[in-house]
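4 protein chains.
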Amino acid sequence: MRVGFVGIGAMGQGMAESLLRAGHEVTVWNRTRERAEPLRDQGASVAATPAEAARTGTVLTMLSDDRAVEAVEGGPDGIRAGLPRGGLHVSLSTLSPGTVARLAEEHAGAGQVLVAAPVFGRPDAAAAAKLSVVAAGPTEAIERARPLLEAIGQRLFVIGSDPAQASLVKLAGNFMITAVIEALGEALALVGKAGVDRERFLEVMTETLFSAPVYKIYGRALLEARFSPPGFKLPLGAKDNRLFLHAGEHHQVPLPLASLIRDRMLGALARGYGELDWAVIGHLAAEEAGEPELAAKS
Amino acid sequence: MRVGFVGIGAMGQGMAESLLRAGHEVTVWNRTRERAEPLRDQGASVAATPAEAARTGTVLTMLSDDRAVEAVEGGPDGIRAGLPRGGLHVSLSTLSPGTVARLAEEHAGAGQVLVAAPVFGRPDAAAAAKLSVVAAGPTEAIERARPLLEAIGQRLFVIGSDPAQASLVKLAGNFMITAVIEALGEALALVGKAGVDRERFLEVMTETLFSAPVYKIYGRALLEARFSPPGFKLPLGAKDNRLFLHAGEHHQVPLPLASLIRDRMLGALARGYGELDWAVIGHLAAEEAGEPELAAKS
Amino acid sequence: MRVGFVGIGAMGQGMAESLLRAGHEVTVWNRTRERAEPLRDQGASVAATPAEAARTGTVLTMLSDDRAVEAVEGGPDGIRAGLPRGGLHVSLSTLSPGTVARLAEEHAGAGQVLVAAPVFGRPDAAAAAKLSVVAAGPTEAIERARPLLEAIGQRLFVIGSDPAQASLVKLAGNFMITAVIEALGEALALVGKAGVDRERFLEVMTETLFSAPVYKIYGRALLEARFSPPGFKLPLGAKDNRLFLHAGEHHQVPLPLASLIRDRMLGALARGYGELDWAVIGHLAAEEAGEPELAAKS
Amino acid sequence: MRVGFVGIGAMGQGMAESLLRAGHEVTVWNRTRERAEPLRDQGASVAATPAEAARTGTVLTMLSDDRAVEAVEGGPDGIRAGLPRGGLHVSLSTLSPGTVARLAEEHAGAGQVLVAAPVFGRPDAAAAAKLSVVAAGPTEAIERARPLLEAIGQRLFVIGSDPAQASLVKLAGNFMITAVIEALGEALALVGKAGVDRERFLEVMTETLFSAPVYKIYGRALLEARFSPPGFKLPLGAKDNRLFLHAGEHHQVPLPLASLIRDRMLGALARGYGELDWAVIGHLAAEEAGEPELAAKS
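Residue numbers (my numbering), protein chains in the order written: chain A, 1 to 298; chain L, 1 to 298; chain Y, 1 to 298; chain B, 1 to 298.
A few of these clues could be false.
Pairs involving identical chains hold if they fit within one copy or between any two copies, as the list cannot separate such chains.
Unchecked claim - The list that follows gives simulated cross-link-like pairs (lysine-lysine, DSS-like), each with its CA atoms no further than 25 Å apart:
id: 1; residue 1: K130; residue 2: K216
id: 2; residue 1: K193; residue 2: K239
id: 3; residue 1: K216; residue 2: K193
id: 4; residue 1: K193; residue 2: K130
These are calculated hints, taken from the structure and not from any lab test.
Build the full structure now, drawing on both the sequences and the hints.
Given below as structure tokens:
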């Protein structure tokens, strides 16, 4: 299948490679072209504009935030201009539900269709095609996207026909990860200060009730106070938290735990932890309990 | 091995049965004797006092709170009076670290020894001998208790030599469960109000990042707003939250998420949800977002 | 002095009248003209467009939010088009610091100047010219505005030369009011449930430590659960809370109490209290403690 | 009138002097006798035991916490033993409502009566007889105590006939002070980081909406980050917060703002601020926003 792929970052690169490995004919575009060039060796073409990538009729985008997507959507070189009528845009980024709704509408106005398909997983999962994909959009469009989505992930979940819902589900999932980090942070701060062997504590927790990998990954990061190199940088996490809270505002849903996380994230940013993994918010519980601030902040 | 078992409640019954099945010679005692009598059929003796159960030289207790344990410890009919010098008390209850420390000291004063071994798991796990046991105490004493603890649980974790630490680990685990409930409650309240299929949402979450059973169990309870019959009653959960916060106070560790849970629990009690499962605290997020209060409160 | 006045709402009307009483020559404009007409009897002219009001050379605006101000600023009929070079715009509304900064810049681009001068006080204080005015802007411009600001308020505070700072000070003041409401709400909920005479309690508080009128006003509203007619509607309060939190985000300042207020406001909106005075957020503490929800919600 | 006075600390000394100045015949007792001796010069007698002070028939106590009061109540040298039948105990300390209720009951059992009359005000107000007194107890007993209470304070409020209610009102008042500190702390942290002149900001606030002295006193302390010498030490404030939260637990009233204060206090204690004035909790907002921790912690 001929496809365009826009956004060759830490995540996008693995995804584009997965598509190539699965036998798709991929035309890539990236804002800084050097990041795209190496994919030629694996058989990709490199486009000069997002429009060119979209001319394939099916384009996937994996970008850092709403603004980055908007920057490649409009204008004469943009995706909407390049995508033919009937064309399909599969948005893999984590965007605000509002932006997704607007993109869907704009594409519809041009006779095109949008599927939102944000993913769970870090760069290593992207490289190994082990992402989990949460898709929403018109049924027929999702079926068209299916071989592509199955090429980049190991699980595909269809959540509904409204693309904005996929976005909200992704944000809710990220929120639930932050709850894990906070819970681990507070528990480790207390048991550690009380003299319990924190490593043993984590072992008990992750081998009994909390067997999901997310507890092991973040538990270990907190245990070792190791937040660099970041798998997911704090400012990106703060963005997702903000979008989740905005959704709560829009639907009039109080979210006290998400609010607590918000203040943790601001506190971590104010301490200069902006280059670290978002797990660092779980370290604040220990700092508030008297542990020194992190020495090497980035 | 000859052992006494004090406290034949929903949890204690399954534990005592496990001990009998494993071939131990068990003398049981319960405040309301009728609950203990049926165990005779499985080969247990029924004692007239806790002291009598303790005379076996090794006694296990499974009671609802600090006060209940204190009520069977002292006095001429109490465990300390019945337990011979060198005797062993294995406390399976979830108690405050402070009470555990005091019990250990008092037993030591009588030439006896205390092992704290609180358990994770609900009554069905107790009945199936599938509990996880977190033990702390003098190494030699834990080795004496090992065959008993292995009879009632499928996993045994030794956390250290100070019995109070087992207590704190148990409280921290329960705290982490409440964090799961709150996170699920807020996420479900928001995605539900936004029109996402909540069941599908839960499926995505529990089949990807949050695969631990605790997410499935509490997610389903919240999805169906089904909190009765309770597996663990709200007031017991509120007690454990209080003990966790007290430990935070003692060690000067701020615990904002545990504080949030505290207020949820008080709110649920004030609404009349005291007979329900503690998962009901996760329903408050939906109520605050405009869902009606639960009709059948008990 | 010849001045234009844009925005004849509950607040603007009293302000315009104050200006007339002080002998100024006032040209008013309001989106729904009928609200402006009655001012003719007091000597005002009624303009057909904001531009016409601005042609006087000095224009004051009192509008509900950022969007309403933006709607009268631009375009051929807008304030910027009508205001002559060297003209002065005195913005009395509570706006986001970011919007104020942008307005200032745009006016500067047109050779005009902006003074931000948000006010503290409710419609009755506006009618009585007893507002407190917090102004920021270039010193010379503030001096030009001084007679106008002194005509509408009894106190004028100059906070600095950057208009956005006046905006932030206003938002901070409103935040501090919400803290009073929340503190009163929690205290009244607890002492009331404990059987203390709540009226007597309030009397003690307001006659000793908390003698500021704000405690009396909101204390009484909470005591009587009387939130209608609203002096300041909940959605406007929610807007100011949002702007305050945004400022915290921008400057990386965690604001846990403001976050708590945010969730209170969303909870109150979700309960259907959107037509009530913002003091209603202080009633939620009582509702969470078991008091029934307000029957007449608007 | 012949009275005993037990507890010659920073507060008690001023109170005892006020009683002497008003012409009462005062017998004082203090745990460390040296603190009591200087009062001889002003005409006081010094008792050897609390019982001896109570033998006067009317005894006032001003002690730091529940435990300190319990330590002087019982035993052969205690107040209950010394107070004649029909005798009156006026408790001026800030105690838990539960302890007050128990003391009242125990006195009743001995044919004696308890009035709880906690005070608002710092040591300087005690020295100047300018305290505000909140009394509760049997009407007749309060009338007996009235001349004494009027001698130590400038305002006397009778809150009801149940002594425990006076205690709760006092705790609620202290809670409301902490809300002021937190609100000031967050507002100052944000406006300061945004470049607003913090002193000017405080001036605007305290000369308009927030004219109560409590805003001026704590605002200035925060402005200057001056928390020593302490007027009211952090650990005492933490005790009162704990008692307030306990009352909330007892009456099933969620108190999210009081919970937030709890975590602030623990955070301040963990940072080593235990010797400072409780206003230091308002400084944490600035620290979380990136301000360095206080250098001289005591």
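Results for each hint:
no.: 1; hint: K130 x K216; verdict: both (18 Å within a copy, 22 Å between copies)
no.: 2; hint: K193 x K239; verdict: between (32 Å within a copy, 21 Å between copies)
no.: 3; hint: K216 x K193; verdict: within (21 Å within a copy, 32 Å between copies)
no.: 4; hint: K193 x K130; verdict: neither (38 Å within a copy, 31 Å between copies)
Hint compliance for this structure: hint 4 is the single one not met.
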